[in-house]
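Which chain is which? The protein sequence lines are F and E, in order. Quick note on the numbering used here: the first sequence kicks off at 1 and runs consecutively. Quick note on the numbering used here: the second sequence kicks off at 1 and runs consecutively.
FYI, nobody ran anything at the bench for these hints, they're computed from the structure. Incorrect hints may have been included.
With a Cα cut of at most 20 Å, we get these calculated SDA-like pairs of lysine to any residue [said to hold, decoys possible]:
| no. | chain 1 | residue 1 | chain 2 | residue 2 |
| --- | --- | --- | --- | --- |
| 1 | E | LYS267 | F | SER145 |
| 2 | F | LYS97 | F | ASP133 |
| 3 | E | LYS267 | F | ASP133 |
| 4 | F | LYS267 | E | LEU5 |
| 5 | F | LYS88 | F | ASN117 |
| 6 | F | LYS88 | E | LEU5 |
| 7 | E | LYS88 | F | GLN315 |
| 8 | E | LYS88 | F | GLN187 |
| 9 | E | LYS267 | F | HIS144 |
| 10 | F | LYS267 | E | LYS97 |
| 11 | E | LYS267 | F | LEU300 |
| 12 | E | LYS97 | F | GLU6 |
Protein chains: 2
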Amino acid sequence: MAELLETPTLLLDLERLDANILRMRNKLAPFNVVLRPHVKTNKSLEVTERLFAGGRGPITVSTLREADFFFAAGFVDILYGVGIAPNKFDHAARLIKQGLALKLVLDNLESARLLANFARSNEQVFEVLLEIDCDGHRSGIPAHSALLVEIAQLLRGSGVTVSGVMTHAGNAYDSRSIAEIEAYARQERAAVVDATRLLDEAGFELSIVSIGSTPTALFTQDLSGITEVRAGVFAFFDLVMAGLGVCQVQDIAVSVLTTVIGHQSEKGWTIVDAGWMALSRDRGTARQSVDQGYGIVCDLAGQPIGDLIVSAANQEHGIISSRSGNIGSAVELSVGTQLRILPNHACATSAQHAGYHVLAEGRRLGYWSRISGW
Amino acid sequence: MAELLETPTLLLDLERLDANILRMRNKLAPFNVVLRPHVKTNKSLEVTERLFAGGRGPITVSTLREADFFFAAGFVDILYGVGIAPNKFDHAARLIKQGLALKLVLDNLESARLLANFARSNEQVFEVLLEIDCDGHRSGIPAHSALLVEIAQLLRGSGVTVSGVMTHAGNAYDSRSIAEIEAYARQERAAVVDATRLLDEAGFELSIVSIGSTPTALFTQDLSGITEVRAGVFAFFDLVMAGLGVCQVQDIAVSVLTTVIGHQSEKGWTIVDAGWMALSRDRGTARQSVDQGYGIVCDLAGQPIGDLIVSAANQEHGIISSRSGNIGSAVELSVGTQLRILPNHACATSAQHAGYHVLAEGRRLGYWSRISGW
């Protein structure tokens, strides 16, 4: 039982996890695409196995540490989704020599030149995807830029093969409507399809055309020309996704178990033992229409209690109050009461913990550990 | 050399650390007080030993996990500074049975009653400090509240001894001037001195009168009636402390080493491989007069570069740009360039890492590991 755990600690609701995974699988089933889930959200062998019903499909990672870990566990096709830094060439080469089909990401001439030089000097082959900028969010090359062909040409003969293109519609997280998400999905697809055509016309044949974000993957209507979809947070969901309308609050599979340790009754505050160390400092809902503070407060069964949120957080203290300022509602929670806090951002909150206490049908099934670091 | 490290990773500048520790020691030397440093900032045996010049003095912890770890390393006088939750009574009792002089914190009748019942049922002694609210920041009982005596009376004969009072001027972190910090320091001292008098008059003699926060400890002018000072972030400092005027930017001892992986030149963006996972989501300077984004960008020697800051962060990507909007200055940093990012909040940023690469006189001395979790 969750009641017996020392708090704060992280809970994972297995039924919600499975339902979320099924939803993504069902969404993508009609399309001719591979799901290459991003494991940066879960960083757990057991969760990632669950994504493949026990199998070992292709995955996306955010660190080479994740690549090390999942490769050691039998995952042999891994995309490292962050532009490769020169100080990681050795590490990547080591994984490839050991048999990992590792894909790296490049989005500029300088990086391409450095990787090509390394490949030549070390007689090391690499497989890369060129990153396309579909929304001005962060990294990547515009889909119509001559730079794409220039990079592919520079790499030719170096041992570095361009096997595909990839993009991520990061701005979809700031959408104000499902229609806007659908527009980002079209834009995401168009960017890599256009880039693929450009490279094809220059004589570079690509086998991977990769897109993905949880919002666009769940609302796309057209994946023609796409070979694979990446997404991570869909398995857990969070309040940012609920605020976008991508999921319901009751779909959120991770929560932080915490305990009431005191009150400031005249302020309507309940003090709990989950602060930002357990919840993370992520305030992703602050820019949405409903600001959820540091998270929605639920009872042990996972049902929200009134309009209570964690309105402020210190390192190991959280302050619970009513979102509407109703002072009466907060102070009914007596010392020792255990609560579950739904996170703004599943990736950030989960990263504050070493693992998940897994719950199913109200019982505790076990503990699934997470990795961290680089 | 730091250049050879895979990034992102956490660096600790030993000379700055030692100078910061010396400053606090020198500040407190004229007063008749014990320093009980808060180790929640460093969570490292080597750093904590450095705080005591190799000794094993009294410490403050934010989790019982820290108490386990530091007690196993020979620290025998530990204050757990967060109001105790009932699900931690067993854990605390175990540590006390093993010989730890563990001090717990209480600030309400409910918690006191639960602890007294546990103590009686288990014939277990506990030592507690009553938490005083000196600034309305979070937890604690007003210094003049009859509740203090009521709790002390309730505990009498239960096995739970009230050995002192403690407070933390958390609002000092929002000060706008040194004069304001000094006022918080007076308020912090007065609160516990008044509470001590109240309890003394009711027949409860206290041996510990404990205050502390880095800003108030460094600017206090009167510690009469105080027996000990707690502070944690002073050893590392950070941009929030620099923004308060408590330290200089060049005093900050921790930084995140990162590498340039690309650019969006027309936007003046340099992309690095330190995102919020490495920097934390802490945006503590956002409410100060100068918003430092996710941190100030320095060269490998630790000197700030122009007015560059990490202006945005995704999980493993950071976007560097000029605070003034000067697009030209950001793009001179070529791919592969390593940079050091000074953190907003040392506690939060350090917590994202498993340890510190320790630097002294530009050389790498070793790796000091950190603990995490609860």
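Cross-check of the supplied hints:
1. The suggested pairing of E/LYS267 with F/SER145 holds, with an alpha-carbon distance near 16 Å, which does not exceed 20 Å.
2. For the given pair, F/LYS97 sits about 31 Å from F/ASP133 by alpha-carbon distance, which is inconsistent with the 20 Å threshold.
3. Restraint check: the Cα-Cα separation between E/LYS267 and F/ASP133 comes to about 13 Å, which is no more than 20 Å; the hinted pair holds.
4. A threshold of 20 Å between alpha carbons decides the hint, and for F/LYS267 with E/LEU5 the separation of about 49 Å lies outside it, so the pair is violated.
5. Under the criterion of a C-alpha separation no larger than 20 Å, the hint pairing F/LYS88 with F/ASN117 is consistent with the structure, at around 14 Å.
6. Note on F/LYS88 and E/LEU5: the hinted pairing holds, with a Cα-Cα distance of about 9 Å set against a maximum of 20 Å.
7. The suggested pairing of E/LYS88 with F/GLN315 holds, with an alpha-carbon distance near 18 Å, which does not exceed 20 Å.
8. At most 20 Å may separate the alpha-carbon atoms for a hinted pair to count; E/LYS88 and F/GLN187 exceed this at roughly 52 Å.
9. For a cut-off of 20 Å, the pair hint linking E/LYS267 to F/HIS144 stands: about 18 Å separates their Cα positions.
10. Among the hinted pairs, F/LYS267 with E/LYS97 is inconsistent with the structure: their alpha-carbon atoms are about 38 Å apart, more than 20 Å.
11. Among the hinted pairs, E/LYS267 with F/LEU300 is inconsistent with the structure: their alpha-carbon atoms are about 47 Å apart, more than 20 Å.
12. For the proposed pair E/LYS97 and F/GLU6, the alpha carbon gap of about 19 Å is at most 20 Å, so the pair holds.
Checked against the numbered hints given earlier, the structure breaks hints 2, 4, 8, 10 and 11 and satisfies all the rest.
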